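Peer 1: As a plain string of letters, each chain reads:
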Amino acid sequence: MPAADDSSTLLEVRNLQVDFRTRHGIAHVLDGIEFSLSKGEILGIVGESGCGKSMTALAIMGLIPSPPGKVAGGEIVYRGENLLKASKERMRRIRGNRISMIFQEPMTALNPVFTVGDQIAESIVLHQGLTRRAALDRAVELLREVHIPAPERRIGEYPHQLSGGMRQRIMIAIALACEPDILIADEPTTALDVTVQAQVFDLLLELQQDRDMAIVMITHDMGVIAEMTGRVLVMYAGRIIETAAVDDLLQNPQHPYTRGLIACVPQLSDEPEAERAALMEIPGVVPPLTELGVGCAFEPRCGFRMPVCVQSRPSPVAAGAGHSAACWLMEEGDRP
Amino acid sequence: MSASAGQPLLKVRDLKVHFRTGSKGPFRKPTFVHAVDGVSFDVPKGTTFGIVGESGSGKSTTALAIMRLAPITGGTIDLAGARLSEAEGNELLALRRKAQIIFQDPYSSLSPRMRAGAIVREPLDLMDVGAPEDRDRRVADLFGKVGLRAEQQALFPHQFSGGQRQRIGVARALASQPDLIVCDEPVSALDVAIQAQILNLLRALQREFELTYLFISHDLAVVQYICDEIAVMYLGEIVEQADRISLFKRPLHPYTWALLSAVPSAASKRRGRRRVSLEGDPPSPIDLPPGCRFAGRCPFAEDICRAEAPARREIFPKHWVSCHRVGDDGVPPHRTVPLSNGPAEP
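Residue numbers (the numbering used here), protein chains in the order written: chain A, 59 to 394; chain B, 20 to 365.
Simulated from the structure, these hints should not be mistaken for lab results. Since we're looking at a predicted model, the values are computed, not measured. All C-beta atoms in this analysis are idealised placements derived from N, C-alpha and C, irrespective of residue type, glycine included. There's no promise every hint is true.
To be verified - Computed spacing ranges between beta-carbons, pair by pair:
hint: 1; chain 1: B; residue 1: Asp160; chain 2: A; residue 2: Val368; range: 28 to 36 Å
hint: 2; chain 1: A; residue 1: Arg79; chain 2: B; residue 2: Arg226; range: 43 to 51 Å
hint: 3; chain 1: A; residue 1: Lys143; chain 2: B; residue 2: Ser130; range: 43 to 51 Å
hint: 4; chain 1: B; residue 1: Phe175; chain 2: A; residue 2: Pro358; range: 18 to 26 Å
hint: 5; chain 1: B; residue 1: Pro308; chain 2: A; residue 2: Glu215; range: 46 to 54 Å
hint: 6; chain 1: A; residue 1: Glu215; chain 2: B; residue 2: Lys337; range: 42 to 50 Å
hint: 7; chain 1: B; residue 1: Pro49; chain 2: A; residue 2: Arg211; range: 22 to 30 Å
hint: 8; chain 1: B; residue 1: Ile264; chain 2: A; residue 2: Val366; range: 45 to 53 Å
Could you build all of it, start to finish, from the sequences and the hints given here?
Peer 2: As structure tokens, this is what we get:
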């Protein structure tokens, strides 16, 4: 993956801070998030639940629920415009039009009382000012594009008449209705069977190539990261702890958390070994974000912890071209 | 994990679970969901038998039928020499002590109003296991075995993380000292980093107590890791069955082959390989097609596949497949399709 040149940069997130007010105090759910996204790029965001992956997506979409949430600082620059400064009206024009999102659960993200045709047409009427009839024609075209058989019949059906894979295709068709520059996919295949997941992946890759659309792929599955993405952000407790090109990340992970994420999952093999070693465990769980100390958030679960890890938080250190990790081991020079 | 000779601990023969569905009425023709339709397998003591398949394949219904939690339409289930499928009343209660289940979702399978200690103790009291005065000690002991602290017995389920809740579920299943534990997607609802903790725990407990597992999962990598023998189910039937080495080394059924190719993997050897795209979704288990149930999605189907149901054949020692297109010499129809490049057309 070559370094992004500035002309092709679509989106730039700088020092993004998002806080949530909770019963137990202020939680910094996103803390200093920085990354950029280029045209046609597929960027992966990986981590356990509660690491801030989905919150990053919601922040870009301007959908942080407020209160209790609040964007406390930073910039999200889309084609030179800071979205955090944009009016509600302006955000409505961008959301679902230039930047679209598909969600994990296609069952709950679709409205059960409207036909799928109406739900696709809604965004076309709103953003492109077409008549309902013209929008429905466009909906048929979109369904054909996401490989739904007999689209003329399907637009008159309701979500409950469709299978899980079909529903996710409808979600993708809605997201693509206005030909967005950026598609944010938040665990788009977690609820789907593996053969259907493969179909959805093929579709996303095809659309990304045909339209030069950028995709932000949010997942907890390193296998999905490996197959789908070009560059990866690894998140832990609201921060980016490692970023690298996907091959570099998988072959040469630097942060102990990244190593753990790769090693804790059994890998499918064509030639399984007769003897099976115990899987590597990451002990414990993600800490509550209201209880983070001044040190590294991963320190309580880390097998390489040192005195410095409790005292202060490591900053990202370069580990090769386009590869950086925030870990004190990097500074010490002796890596895990 | 040596399989002791002689009778298998669990013996399932031609198991059928059909559910009646649709509107009922005197003049309506009844329709049936063939959730499990003629499934047979043996599980030797101390081993792990995996059933893998997609949603609707009947893998969970098979597990529930073995726990006698789904109505059995036909066939037999024998557990430790006793006819579990026909047991009723006290005999069934006694057999239930020997078979326990761990459920998928540790959030909904534990009562939110009971303390963790009481949840683990309940089966001991219900099944009258051991002397009542020893039960407190046994519960504390079980907490230790699954990696929880004895004082955590006083907490309620919401005070535990997902992984810890699943440990409570494991302790509850172990309480009656069962021979067989049915694990129904035991790690699917857990965060990736937590799955390894539970899988390692299950393997350690198996070695310690010579437990036998029936392991239900949709995750092929997990199944390959934890199971000794694996059955692949599709629409209520076992289409292929083999030990963990043979199944993954030489998958014979085109469905197994397609499933394996569809798993996204971070392993360098598998990167960049071609995914086999199956068209469409599995057909409904209500109106089953004649012939092979996979024929509608199979890229290699011929006329015979749509006309005649394939018989189960043992192609390699203890490696069975039900597919017309697999040669007796063990050459599967996908043999000539390269997975590394080019389209996956036959």
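Peer 1: Taking the earlier hints as the rules, which of them does this structure contradict?
Peer 2: Of the numbered hints given earlier, the structure breaks just one, which is hint 5.
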